[in-house]
Amino acid sequence: MKRFCNRNWNRALGLAAAVCLVLGLASCGGEAGSFSTGSTSPAASAAQSTPASEASSGAANTAPGILSAFTAQDLAGNTVTQEVLEGHTLTMVNVWATFCGPCIKEMPELGELSAEYADRGVQIIGMVSDVWTADGVIDPDQVALAQEIADTTGADYLHIIPGEDLYGLLVQINTVPTTFFVDEAGRQVGSAYLGARNKETWQEILDQMLQEVGA
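Take any residue in the sequence shown, count from 1 to its spot, add 25: that is its number in the working numbering.
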């Protein structure tokens, strides 16, 4: 497996960050897809979110969630399924790409949040969006790069490579990072968030989401 050296990684990160900086972006890509997306402000997005009481009653409680059944693998090649959600009141899923400067910039603080919120039933999962080739094969060099980025930034939470059954979700996401939240059953909580945020803003959003699920 070809090793992507730190010098090349830093150069790639610098170029990606420079492009997004010139464009005045906190994200890389186009507009969001059709699944529920939120605004910059947690307070503003609250009105667009699905209340936890609504999600846990009636037909909504039996409806499949966006992550209720899936198969993926981690960066070491181990199988990951929806069972990874069990025992966690809230899972924050951060969809990122190895070319995305804003994605990488926020990862150190996401690593800190992962540790700080663990005792409140919260886990963070990174979903790497750019490790598949056009031929539908996982690129080992991209996987190695994703692992190096996670190690370098201290983002030591679980990172997964989505399988084919998550393709329908990914095609709705054409901006990275995109972050959304699910409950233990894989149902989306609140709205998705486009772009990177600082630690304080994510803390506000996490606290709000925990209130929505009644934690």
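Worth flagging that the hints you see were computed from the coordinates, not collected in a lab. Every residue, glycine too, gets a C-beta built ideally from N, C-alpha and C. Warning: the hint list may mix true and false statements.
Stated by the list, open to error - Per label pair, the in silico range of CB-to-CB distance:
#: 1; residue 1: Gly239; residue 2: Pro165; range: 37 to 45 Å
#: 2; residue 1: Lys224; residue 2: Thr177; range: 17 to 25 Å
#: 3; residue 1: Glu189; residue 2: Glu111; range: 19 to 27 Å
#: 4; residue 1: Gln172; residue 2: Gly193; range: 37 to 45 Å
#: 5; residue 1: Gly239; residue 2: Asp164; range: 38 to 46 Å
#: 6; residue 1: Gly188; residue 2: Asn223; range: 17 to 25 Å
#: 7; residue 1: Asp144; residue 2: Tyr192; range: 16 to 24 Å
#: 8; residue 1: Asp164; residue 2: Thr104; range: 12 to 20 Å
#: 9; residue 1: Ala101; residue 2: Glu189; range: 30 to 38 Å
#: 10; residue 1: Thr158; residue 2: Gly193; range: 13 to 21 Å
#: 11; residue 1: Pro89; residue 2: Ala240; range: 29 to 37 Å
#: 12; residue 1: Pro165; residue 2: Glu225; range: 21 to 29 Å
Okay, the hints, checked on the actual structure:
1. Gly239 - Pro165: 37 to 45 Å: 42 Å, holds
2. Lys224 - Thr177: 17 to 25 Å: 18 Å, holds
3. Glu189 - Glu111: 19 to 27 Å: Given range 19 to 27 Å: holds, Cβ gap about 23 Å.
4. Gln172 - Gly193: 37 to 45 Å: 26 Å, violated
5. Gly239 - Asp164: 38 to 46 Å: Given a distance of about 41 Å, which is inside 38 to 46 Å, the answer is holds.
6. Gly188 - Asn223: 17 to 25 Å: Since the Cβ atoms of Gly188 and Asn223 sit about 32 Å apart, the hinted range of 17 to 25 Å is violated.
7. Asp144 - Tyr192: 16 to 24 Å: 34 Å, violated
8. Asp164 - Thr104: 12 to 20 Å: 19 Å, holds
9. Ala101 - Glu189: 30 to 38 Å: 20 Å, violated
10. Thr158 - Gly193: 13 to 21 Å: 20 Å, holds
11. Pro89 - Ala240: 29 to 37 Å: Violated - the Cβ-Cβ distance for Pro89 and Ala240, about 22 Å, lies outside 29 to 37 Å.
12. Pro165 - Glu225: 21 to 29 Å: 37 Å, violated
Checked against the numbered hints given earlier, this structure breaks hints 4, 6, 7, 9, 11 and 12; the rest are met.
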